[in-house]
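Given these sequences and hints, build the entire structure.
There are 2 protein chains.
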Amino acid sequence: MINQHFLSMLNNKSVIRELSEYATARGKEIGYENVFDFSLGNPSVPAPQSFTDAAVRLLETEDPVRLHGYSPSLGLPDVKKTVAESLSRRFGVPYTAGLIFPTSGCAGAIAHAVRAVSKAGDEIMIFAPFFPEYIPYINDTGAKARIIPAHVPDFQINLDALEQYLEQVKIEGQEAMDRVAAVLINSPNNPSGIVYTEETLRKLAQILTRKSEEFGHTIFLISDEPYREIVFDGKTVPYPAKYYAHTLTCYSFSKSLSVPGERIGYVAVNPACECAEYLVPMMGQISRGIGHNCPSSLIQLAMAESVDDTADLNVYETNMNLLYDTFKDLGFEVQRPGGTFYIMPKALEDDAAAFCKKALQYDLVFVPCEGFHAPGYFRVAYCQDTEKVRRALPVIRKFAAEVYGR
Amino acid sequence: MINQHFLSMLNNKSVIRELSEYATARGKEIGYENVFDFSLGNPSVPAPQSFTDAAVRLLETEDPVRLHGYSPSLGLPDVKKTVAESLSRRFGVPYTAGLIFPTSGCAGAIAHAVRAVSKAGDEIMIFAPFFPEYIPYINDTGAKARIIPAHVPDFQINLDALEQYLEQVKIEGQEAMDRVAAVLINSPNNPSGIVYTEETLRKLAQILTRKSEEFGHTIFLISDEPYREIVFDGKTVPYPAKYYAHTLTCYSFSKSLSVPGERIGYVAVNPACECAEYLVPMMGQISRGIGHNCPSSLIQLAMAESVDDTADLNVYETNMNLLYDTFKDLGFEVQRPGGTFYIMPKALEDDAAAFCKKALQYDLVFVPCEGFHAPGYFRVAYCQDTEKVRRALPVIRKFAAEVYGR
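Top line first, the protein sequences correspond to chains Z and X. 1 is the number of the first residue of the first sequence in the numbering used here; add one for each residue after it. 1001 is the number of the first residue of the second sequence in the numbering used here; add one for each residue after it.
No lab work stands behind these hints, which were simulated from the structure alone.
Derived pair list, reagent style DSSO-like, types lysine-lysine, alpha-carbon separation capped at 30 Å:
{"hint": "1", "chain 1": "X", "residue 1": "K1081", "chain 2": "Z", "residue 2": "K13"}
{"hint": "2", "chain 1": "Z", "residue 1": "K28", "chain 2": "X", "residue 2": "K1081"}
{"hint": "3", "chain 1": "Z", "residue 1": "K119", "chain 2": "X", "residue 2": "K1144"}
{"hint": "4", "chain 1": "X", "residue 1": "K1013", "chain 2": "Z", "residue 2": "K81"}
{"hint": "5", "chain 1": "Z", "residue 1": "K13", "chain 2": "X", "residue 2": "K1119"}
{"hint": "6", "chain 1": "X", "residue 1": "K1028", "chain 2": "X", "residue 2": "K1357"}
{"hint": "7", "chain 1": "X", "residue 1": "K1119", "chain 2": "Z", "residue 2": "K144"}
{"hint": "8", "chain 1": "Z", "residue 1": "K119", "chain 2": "X", "residue 2": "K1119"}
A short list of chain X residues far from chain Z (calculated; beta carbon distances all over 10 Å):
{"hint": "9", "residue": "G1031"}
{"hint": "10", "residue": "A1128"}
{"hint": "11", "residue": "R1146"}
{"hint": "12", "residue": "T1197"}
{"hint": "13", "residue": "K1235"}
{"hint": "14", "residue": "D1325"}
{"hint": "15", "residue": "D1329"}
{"hint": "16", "residue": "L1330"}
{"hint": "17", "residue": "K1358"}
{"hint": "18", "residue": "E1402"}
Incomplete in silico selection of chain X near chain Z, CB under 7 Å:
{"hint": "19", "residue": "L1007"}
{"hint": "20", "residue": "N1042"}
{"hint": "21", "residue": "A1047"}
{"hint": "22", "residue": "V1056"}
{"hint": "23", "residue": "V1065"}
{"hint": "24", "residue": "H1068"}
{"hint": "25", "residue": "A1116"}
{"hint": "26", "residue": "D1140"}
{"hint": "27", "residue": "P1260"}
{"hint": "28", "residue": "R1263"}
{"hint": "29", "residue": "C1275"}
{"hint": "30", "residue": "M1282"}
{"hint": "31", "residue": "R1288"}
{"hint": "32", "residue": "G1289"}
{"hint": "33", "residue": "N1293"}
Glycine included, each C-beta is placed from N, C-alpha and C at the ideal position.
Structural data, given as structure tokens:
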């Protein structure tokens, strides 16, 4: 018999994907340039030339048997070394090659990190709002996602709710405490665009340190950082592993190098993390059962040559400012994003799904945030040509005026 | 706490990898050209120029945003169509694009296929001798590998043992029958080099059809075929899906295109398979939990342009003949391989590990087959320059003469 669990998942269609499919279909009717499709988080700028040049040069000059040969199950040593050196230089955490595990993007990184630090029945805490895929990413490992509600309206981590939850666990007793394996955070955040502040990360580390002591085991921090390089106002994103030793950093080059289809990222294990020396070799073992076996060798090598480059990410800040100013001007309740290519205003009625449905009449494709556990809000993905964002602004104004009298 | 299961796996080092590491270390001492390293199944011939040319052209001429963009979660439609048409044309099974699921090699394909047709506690039957990785590939899905002993000396499937086992299950009752989910086969076979005959496949199909009826549910066939294109004497490998409707074919281009590091393959679902229309979409769901999310877009596209090409695989047949004739001449009990780049003679003493250890004194690196569930045999991987194989032959003769008086 085919697997009934995965069969039943076919009925739970992703809202984002449904809206994106709608936008594509609508584009065929009226021309895609007339559909303001803010549904998908697909980078809109080209990969840096250094990535393309590296890939071409490797293909044209390297011995193909060596170039396309099996990567060691823990990744290509020189690639790991390059990533470790780059991270150490940039963030001051002294990584070595052995602490880097190349993966097929952040999805692959989280699949390994969660399995490494939890077992079936354990809990991984996640903070609303969050990327809805975190639920299958976690639950299909055998562990269980535990959702901590959002901190409205600034969308930093709700530290009080976290502490309350952990107090509750403590009251339930040792078995419940034993199940608390890790927290999974995402900053800059999809869908809110919010960057967790140093203060947030410091307090989170304090709570985790204190509760690890009380619970009698280390609570790990899994930090998902695909948007780390897309940050506004000339700032840099506070690096979570600097604030908490027991951190597994999950990274993808999908956004920074604009290569989401190439599936390249890594897990970086903080050298001060408990059992640091075992975690990457364990991920090699985890790969066997999940059929991972390293990202493409060619892509690993090309990435290593572009490790400190990025695509031209400025367009995202330009777009953010245009949209933020417009939403603000129209009286939307909205936080100014510190990074990513998302903004998450509050809808102009309680039911964000109804709001987004009405927006579709204006060919504005927004995503309601129920699935992100931010009910009442909607996500606008502005990985778009600025020209199109500019053309969308009067349409947004017209929609808000005609439907909501703004 | 870190995961104790994956931690404990660190102690079970792969014999193949240990021997390969020994060979590398020894190569540094005496020169790698003097170590006859027959341990690893790493292709030794370059990828076809068509693959390299396609990859370079894509990089140089395609819009990078499109080229490196997210692949749909079920794979790039044109790539799926190309694979479907190639398989239909070559094997007469009418695949369509929707029945093809691109994966990161056979490991990825098996990870999806097993999960699609089984659930935790189910049994997947495998036939000795088999690739040792099948055990973690299966067991880490939650299903359980059930080993059917080898058919000695021809190493076809032991159909009698299979029938006996299934009879036994029937006696145990409905619950036991419900657990029998699938069989996983591998032809041409690693480690034996044996190609399953039409007769074997036809009889296997008969048994599975009969038992599916008796058990009240379909028993699926998962066919792992990475060596399908490496076949000798101008023959073609009988294509298992032609003989049994409920077949999920797992393929990798690692060997045929000599690109094992690029991690590219697929699952092809027979259109006549039970629930065929659901299986590929289900694999898209399975990907979420295991962090797979498609192989690299660039590699998918380059593969599609080389789908009917192969590297120059003739060297493997040349090497096979040289080794087979030598082993035969020395009185080894050995089957002539029909394909792959492996041969599996019987050792000259009962303990194959002891035999291989003695061979190391002559810098001959063979792999004992206990792990493949063929105790007493050893595997010789002849993906090597023919010149080196020729130089190994007198060393093999010397070893057999001096140690075993042959």
